Amino acid sequence: MRDLVITQNITVDGVVEATDDWFGRAGGDPEVDAALAAQRDASDGFLVGRETFVGMRDYWGSKTDDTTGVTAHLNSVAKYVASQTLDDPRWHNTEVLSGPLADDVTQIKNRPGGDIVCTGSIGLCHALISAGLVDEFRLFVHPFARGSGRRLFDATAPARLTLVESTRFPSGVMLVRYRTA
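Sequential numbering from 325 applies to the sequence shown in the numbering used here.
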């Protein structure tokens with residue numbers, strides 16, 4: 325069975341909402357970039373909600389001058405978009421999930437392949453957490469306290485997590501990986 329991994333940039337106070345460019349304040353860190361690329365390359369599935377999907381499709385889908393590898397990765401992996409309203413995704417290798425979320429995601433997890441990564445899509449992350457579908461959290465914790473904004477674990481049930489990795493980067497960013505119980 326494939327793992328469903330939520331990967332987020334997050335503040336020390338748990339905010340994942342990308343306001344005020346807080347995640348850019350850590351400065352460029354080649355080691356963080358390498359860790360992000362390594363986790364990206366370990367996946368062959370990308371799960372997002374409709375709003376995040378459309379924004380990424382419109383930005384990355386036709387980008388030709390990208391040297392980061394993000395465009396090549398997104399154009400090659402299976403993309404899954406949870407949406408009740410999207411009819412034509414207009415991006416190669418995309419499947420629209422319009423049935424019950426738990427059923428659709430379970431079916432995808434049962435297919436052969438690597439990790440399925442969900443990033444952004446805060447509402448979708450909340451639904452995945454509530455449904456018990458998440459196998460791992462990969463959190464890039466930035467040395468910044470936002471004070472307000474949408475949090476990853478807002479209104480979710482208490483859960484015991486097991487730390488499997490913690491890595492500190494020169495910028496002060498920490499990668500913490502937790503498996504669900």
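One or more hints might be untrue.
[What the hints assert, rightly or not] Below 20 Å or equal to it, Euclidean Cα-Cα: the simulated SDA-like pairs (lysine to any residue) are:
(1) LYS433 / TYR502
(2) LYS387 / ARG414
(3) LYS433 / GLY456
[What the hints assert, rightly or not] Each pair of labels, with its calculated beta carbon distance range:
(4) ASP337 / THR388: 33 to 41 Å
(5) ARG492 / SER422: 36 to 44 Å
(6) ALA469 / PRO436: 36 to 44 Å
Because the hints were derived from the structure by calculation, they are not lab data. Just so we're clear, the structure is a prediction, and the values are computed from it rather than from any experiment. Positions of the beta carbon are idealized from the N, C-alpha and C atoms, including for glycine.
So, going through the hints one by one against the coordinates:
no., hint, verdict
1, LYS433 / TYR502, "19 Å, holds"
2, LYS387 / ARG414, "14 Å, holds"
3, LYS433 / GLY456, "13 Å, holds"
4, ASP337 / THR388: 33 to 41 Å, "38 Å, holds"
5, ARG492 / SER422: 36 to 44 Å, "41 Å, holds"
6, ALA469 / PRO436: 36 to 44 Å, "42 Å, holds"
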